[in-house]
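**Student:** If you're matching them up, the sequences are chains D and P in order. Everything in the first sequence is counted per numbering that gives the first Met the number 0, starting at 0 for the first residue and increasing by one. Everything in the second sequence is counted per numbering that gives the first Met the number 0, starting at 0 for the first residue and increasing by one.
Where hints are given, some of them may not hold.
Cross-link-like lysine-lysine pairs, in silico, DSSO-like; alpha carbons within 30 Å at most [stated by the list, open to error]: (1) D:63 - P:163; (2) P:498 - D:63; (3) P:392 - P:480; (4) D:63 - P:185.
Hints are computed from structural coordinates only; laboratory data are not their basis. From a predicted model like this one, the values you see are computed outputs, not experimental measurements.
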Amino acid sequence: MPVNGQIKIVTLKVNGKDVSARADQTILQVCRENEVFIPTLCHLEGLSNIGACRLCMVEVAGQKKLLPACTTTVNEGMEITTTTDRLGHYRRMILELIFSERNHTCSVCVSNNYCELQFLSQKLGIDHIRVPYRFPKFNVDASHPYFVLDHNRCILCTRCVRVCDEIEGAHVWDVSGRGIQARVITELNQPWGSAETCTQCGKCVNVCPVGALSDKGRSVAENKKRSEFLPYLTQRRREKI
Amino acid sequence: MTLEELQEIKAGEELAKSQKKKSLHVCVAAGCMSQNADGVVKALQEKLREKNLEKEVEVKGVGCMGLCAAGPLVSVEPDNRMFQEISPANAHLVTDNLEIGKRTTNDLPSDSPFFTRQVKIVTENCGVINPEKIEEYIAADGYLALYAVLHDMEPAEVVQNMIKSGLRGRGGGGYPTGLKWSTVSKAAGQKKYVICNADEGDPGAFMDRSVLESDPHRILEGMAIAAYAIGADEGFIYVRAEYPLAISRLKTAIKQAERKGVLGSTIFGTTFNFSVSIRLGAGAFVCGEETALIASIEGGRGTPRPRPPYPAESGLWGKPTLINNVETFANVAPIIRKGAEWYSSIGTESSKGTKVFALAGQVVNTGLIEVPMGMSLREIIFEIGGGIPGGRKFKAVQTGGPSGGCIPEEFLDIRVDYESLTKLGSIMGSGGMIVMDENSNMVDVARYFMEFCMSESCGKCVPCRVGTAQIYDLLTRFAEKQATESDLVLLEELCDVVKNTSLCGLGQSAPNPVLSTLKYFRHEYLERIQAEVI
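Model the full assembly from the supplied sequences, consistent with the hints where possible.
**Tutor:** Written out as structure tokens, the structure is:
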């Protein structure tokens, strides 16, 4: 990819419009740069991309399969379409599946009004959920002195896992269990409050897109998240090197 | 090890064989082993001692002979005779009737289509050699291909040979093996890896297990040839922990190969080094997906990641990695020994060689078969498989396990290859073939496979994690005749979403059993809706 030690510049089409990009950029980065909206939940600027929520799927000319924008790098001459009826349908269906998976009740959630899931659903026009709710029973872990973990709200985006591992370097969080049984755990499935590796930095709470992780003592619609620290942190680290 | 030493071992084995009049081969692969094949070996030895025949007749444990339904199997060489359902109690039937011409009730006709219609390449040594003796593998021309490759061929020539042979990946996807080798060989970097995927997890499939249990050296040789071709010096066999017998035979094989100098450093006196180690899977189906498998070997949670980059470019610990299935590696040595033209003369235009199938379900001859690509499903099920037991009617055959689909009777004459099965909404898969008769309920079949996918989903991406659970719940409503018409609409929509948006092959193919039964047996779904309306 590098030409004369430099990253190649490519030109491509996003929704019919010509844009230029560095060859190491992802479709998502290029689209955001050009103010093209692509919904995402697991992606967060400053964290590694895992392509798990599947909301950012786009169509690329000549490709039979849909591609996740967050993990696909751009190519010369690529023709990307970010909004079609088919994509819209899939995105809404994926959001419906997330809503049906656990107990997402905005009216009693600490993150009401500050929730990325709520915001995206409004933006994509979700007005009802057709798939049956599963109503699982999950516990709340309030053993930590400053924070609360509510599995009922978790969408398994694993931002907490990644920020703790990649930015804080503590790796308190991980995922346990498979499939529909999967859930985030602290340390080796011990209560968060007893996690000796936790530095209580609160990064996990601030990157959580929903009300699964919250500050202790917040009531309904009170938990505004601050994830702006992430790009600054990563940029400073990069420049120091 | 030199060529002369190889030939010496072969001559030694042949001499030992010529000193025995007859040889009793007892299948000691997992199927027969579970029916006390060990006891049969002991009982046969005892009977021969009683009759003072132990000097003339030897008893040896061999790998799978294929007809698992009739095990434990004992074959008499060189008479080409076979006994079925032998136990320690009736072992005397074999020893009392060794003379040619004598028949017993336990004789198995060796001219039955089950044996005569097969073409054996991958399983050529299965049921013939003792899997725990490297000498027997060498006597069957084992490690000759590796010798030839190291001494007479450039790595690029080996790759060219694989391309010309037309071999395609036997793990399910059918990706051209030569192309994969060529990509990895061209990838930049000094350190490369070879991985053998032996994480066979489809319900009803046991081809890889059988090959590993019956002929483990064949896999090691295939891997070593691949390593030479792509420039790797280290290999891993990722085998599921549920296969203890295969693991123990592999360990024995690796130890023997290292001692004989066909694995390790300066193999056959060349500068080529290659070591193999075993990694055990902890029972997750998704770890058969290559990126999840790599994550598992690295010590992480076995979850897939988006491709590209493909493992050929960035695999194990970020290094270029070649991953092939057990059966793919098992094809390598014969291709080198007999030539790419020979191999590509077998099979169909797009799919060359043979395929091993595990024949299971409502079929008379359940077991392991190897047939040339392009044989029709009818020939496989009714001639080799012996048809449906009890005179019942055939209904469908399921290929490809939880990623495949059900094929109804009207397509039985289709020639089996990668493309034709995909066109029918199923896949070749790793080779599981489950036959169903008229009593099978297709909604239950779909529900069974969806339950499997649901519990084996890793939980990483939303469509697969939640979608499979929702589809399973919907299928349960159909099974209980509680479904409504909108459930059918939702079922089809969910299948579409899961198929097109899931991250890895597990999710992308999970709806196949539902979609194919909806396509060919839609009335069975509709029946379960109407019941509720009335």
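**Student:** Each hint should be assessed against the structure and marked as holding or not.
**Tutor:** Going through the hints against the structure:
Between residue 63 of chain D and residue 163 of chain P the CA atoms are separated by roughly 28 Å; this keeps the pair inside 30 Å, and the hint holds. Between residue 498 of chain P and residue 63 of chain D the CA atoms are separated by roughly 13 Å; this keeps the pair inside 30 Å, and the hint holds. Only pairs whose Cα atoms come within 30 Å are accepted, and residue 392 of chain P paired with residue 480 of chain P is accepted, the gap being roughly 25 Å. Annotation: proposed proximity of residue 63 of chain D to residue 185 of chain P holds, straight-line Cα distance about 26 Å (limit 30 Å).
Going through the hint list in order, the structure satisfies each hint without exception.
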